[in-house]
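Chains as they are written, first to last, in UniProt numbering: chain Z, 1 to 366; chain P, 1 to 366.
Hints listed in this document are in silico derivations from the structure and should not be mistaken for laboratory results. Computed from a predicted model, the values in this text were never measured in an experiment. Some clues are possibly wrong.
[To be verified] Here chain Z is said to cover these stretches of chain P; the calculated rule only asks that three of the stretch's residues, wherever they fall, bring their Cβ under 8 Å from a Cβ of chain Z:
hint, region
1, 78-84
2, 88-102
3, 144-158
4, 186-197
5, 206-213
6, 277-284
7, 305-311
[Unchecked claim] Beyond 12 Å from chain P on every Cβ pair, some chain Z residues (computed):
hint, residue
8, 74
9, 265
10, 283
11, 351
Built from N, CA and C at the ideal position, the CB exists for glycine as well.
Number of protein chains: 2
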Amino acid sequence: MPADRGQAAGQPTISEVAAEAGVGRATAARTLGGYGYVSPELRERVLAAAEKLGYRANALARSMSTGVSHTLGVIVADIGNPFFAGVVRGICDTSRARGFDTIVLSTYENLDEEVAATNVLIDKRVDGVIIASAAVGRREVAHIRAAMDRIPVVLVDRAVASLDLDTVVIDNRDAAREAVETLIAAGHRRIGFVWGPPAAQQPVTRRGLLAEASRNLWTDGERLRGYLDALDDARIPFDPELVMVGRKTEERVTEEVARMLSLPDRITAIFCTETDGVTGALRALRTAGLSCPRDVALIGFDDSAWAAVMEPPLTMIEQPVHRLGAKAAEVLLDAIAGGEPARETHTLRSRLIARSSVAPPPGPHH
Amino acid sequence: MPADRGQAAGQPTISEVAAEAGVGRATAARTLGGYGYVSPELRERVLAAAEKLGYRANALARSMSTGVSHTLGVIVADIGNPFFAGVVRGICDTSRARGFDTIVLSTYENLDEEVAATNVLIDKRVDGVIIASAAVGRREVAHIRAAMDRIPVVLVDRAVASLDLDTVVIDNRDAAREAVETLIAAGHRRIGFVWGPPAAQQPVTRRGLLAEASRNLWTDGERLRGYLDALDDARIPFDPELVMVGRKTEERVTEEVARMLSLPDRITAIFCTETDGVTGALRALRTAGLSCPRDVALIGFDDSAWAAVMEPPLTMIEQPVHRLGAKAAEVLLDAIAGGEPARETHTLRSRLIARSSVAPPPGPHH
Numbered sequence: 001m002p003a004d005r006g007q008a009a010g011q012p013t014i015s016e017v018a019a020e021a022g023v024g025r026a027t028a029a030r031t032l033g034g035y036g037y038v039s040p041e042l043r044e045r046v047l048a049a050a051e052k053l054g055y056r057a058n059a060l061a062r063s064m065s066t067g068v069s070h071t072l073g074v075i076v077a078d079i080g081n082p083f084f085a086g087v088v089r090g091i092c093d094t095s096r097a098r099g100f101d102t103i104v105l106s107t108y109e110n111l112d113e114e115v116a117a118t119n120v121l122i123d124k125r126v127d128g129v130i131i132a133s134a135a136v137g138r139r140e141v142a143h144i145r146a147a148m149d150r151i152p153v154v155l156v157d158r159a160v161a162s163l164d165l166d167t168v169v170i171d172n173r174d175a176a177r178e179a180v181e182t183l184i185a186a187g188h189r190r191i192g193f194v195w196g197p198p199a200a201q202q203p204v205t206r207r208g209l210l211a212e213a214s215r216n217l218w219t220d221g222e223r224l225r226g227y228l229d230a231l232d233d234a235r236i237p238f239d240p241e242l243v244m245v246g247r248k249t250e251e252r253v254t255e256e257v258a259r260m261l262s263l264p265d266r267i268t269a270i271f272c273t274e275t276d277g278v279t280g281a282l283r284a285l286r287t288a289g290l291s292c293p294r295d296v297a298l299i300g301f302d303d304s305a306w307a308a309v310m311e312p313p314l315t316m317i318e319q320p321v322h323r324l325g326a327k328a329a330e331v332l333l334d335a336i337a338g339g340e341p342a343r344e345t346h347t348l349r350s351r352l353i354a355r356s357s358v359a360p361p362p363g364p365h366h
Numbered sequence: 001m002p003a004d005r006g007q008a009a010g011q012p013t014i015s016e017v018a019a020e021a022g023v024g025r026a027t028a029a030r031t032l033g034g035y036g037y038v039s040p041e042l043r044e045r046v047l048a049a050a051e052k053l054g055y056r057a058n059a060l061a062r063s064m065s066t067g068v069s070h071t072l073g074v075i076v077a078d079i080g081n082p083f084f085a086g087v088v089r090g091i092c093d094t095s096r097a098r099g100f101d102t103i104v105l106s107t108y109e110n111l112d113e114e115v116a117a118t119n120v121l122i123d124k125r126v127d128g129v130i131i132a133s134a135a136v137g138r139r140e141v142a143h144i145r146a147a148m149d150r151i152p153v154v155l156v157d158r159a160v161a162s163l164d165l166d167t168v169v170i171d172n173r174d175a176a177r178e179a180v181e182t183l184i185a186a187g188h189r190r191i192g193f194v195w196g197p198p199a200a201q202q203p204v205t206r207r208g209l210l211a212e213a214s215r216n217l218w219t220d221g222e223r224l225r226g227y228l229d230a231l232d233d234a235r236i237p238f239d240p241e242l243v244m245v246g247r248k249t250e251e252r253v254t255e256e257v258a259r260m261l262s263l264p265d266r267i268t269a270i271f272c273t274e275t276d277g278v279t280g281a282l283r284a285l286r287t288a289g290l291s292c293p294r295d296v297a298l299i300g301f302d303d304s305a306w307a308a309v310m311e312p313p314l315t316m317i318e319q320p321v322h323r324l325g326a327k328a329a330e331v332l333l334d335a336i337a338g339g340e341p342a343r344e345t346h347t348l349r350s351r352l353i354a355r356s357s358v359a360p361p362p363g364p365h366h
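Same shape as in the complex, but just chain Z:
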């Protein structure tokens, strides 16, 4: 841990150094900040005053001599998603225990923002970066390659196929399969899936759907594959009308679930891959006057304090959010310390928390 941690409170300010040296504040700031022109004589006086008062050389100057700034950078797709907030907590706790500070940028799923955020972190001289990237294609990862050329990089939550990097993820496909199997075991065959890929039009074939998924986020695609795995294992035919496509918003989920509930052979269960999917689906059930689990069963990502106090308490998939962040930080810190990166995929286990939102489907006269 850096020796100066937490001691700024007792530090003299630039103004105090300036007063001691008998120079203007700007001159002291230029000298101590190492920028702009200061005459040799005034520079000498400022440095003497700084030493006398115990002014702390800033971390940038220290990093120039040691090569390590003791700062990790984190780029997440949306810090407003409690999943990413939990991952960041895991990163912060682990990095802090090893004497590193953590700075975070949120891209709100915008690739241009992600490129800018990567530049910011390199310019601010962080020692390594953890990224949950919005990039999906080979042509979208040049900024990550540029970062890799300078400092260690670890991916979290989202694998990017074209990058050979340490990657920390959960078992998305297995988690989704287990959830859908749970619904099938309760007797369901008409299971709605929200959300699917952000396609403009409903793909009409399974192949079309998977092609669309492979052009989009890895996590979403894996969860879709898990859903299809469970249907296949139970020999339940795939019905494209039961997969939501389009914008990934709570409002869109509400519309799509309403549509699936109004089909002649309506859904009796819903599997949601995101929190916004769960609240959107519950809104649609309420509007349709249907209750969970009597009329429609539901399982979703991600577990939360709210899910546990719902009526009924919801059966949810719990991701090891803190451990995801902690593991990513451990791998990155090892690389910063000089270890050879293994460039492997670290897959952590999620867990299905069984509560009360799954029951058998209603009888044939629903």
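Guided by the hints, dock chain P onto chain Z, whose structure is given.
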């Protein structure tokens, strides 16, 4: 907006510059990063190669010439709280529109972390800082004063009495009073308050309680004062047993609400000042076999998608989270642009979203 935004993808790497110059990667990195020793001859070759390939001078070098790094720093008490995540979104949207990037540090309510975070942001040469501070006393703000001496600082969410700074907050006291008045208007007189100050022991007098609150977070104290205002206006005597004290966790709320529900003259309504208070209170109601709003009414901070899909949908206070962040960023960016800081308190309005968790208290035989 900086001209280089989003163009890193097409940038040559340090390795490419090194190859072009016929030097090692470390030499190129030292030259382009401006640190360490490089012989004048090699330095010349690297710079020529960098120019030929169009290598981008890094932002640090640019900030040394312009004095502005186009980066805002944000320190929040807990990025895992959806309230702060919403504030950060407001800051990011506003700063981005004006060509600034935003980097965030979360202190998890730890003052030492906040001091370290402040040092990091100054060392990383951000142009200004927005802080939701965990500091409460005059002796805890030296790090903020040190930052103020270097760059503009704006407080958000939490006023700190001893600092003369632009401060962007909501009408916490009015918001709490309105919520408690709503419960009183429905007929309630035994209204539990969670959470109060983190005192080790239950204060037995109103004065003791307020003294404890004034030694703790400003927002919590303001909400407590609003609760007392509403009781006073309705001439309802203050009962210290109806105020939770102690650790601010969901588990503690559950225990304390259970205690208030088991009093001889039990509570018939609950006012929660935090999301964790709401989920904790709902757990306690469920355990006690009581239902909301038939047996116990409830109003809480902060509104969310979950609160709207609860059964019953919850009456909640909605804070203008995005606007809080946007306003703080506007004030800070104006100060960075050279405006004279007004050093005023900007108070934004919250809103009570009436749903279905408030009903009259049960009859005398509850």
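**Message:** Under the constraints set out in the numbered hints, which ones does this structure not fulfil?
**Reply:** Those not satisfied are hints 4, 5, 8 and 10.
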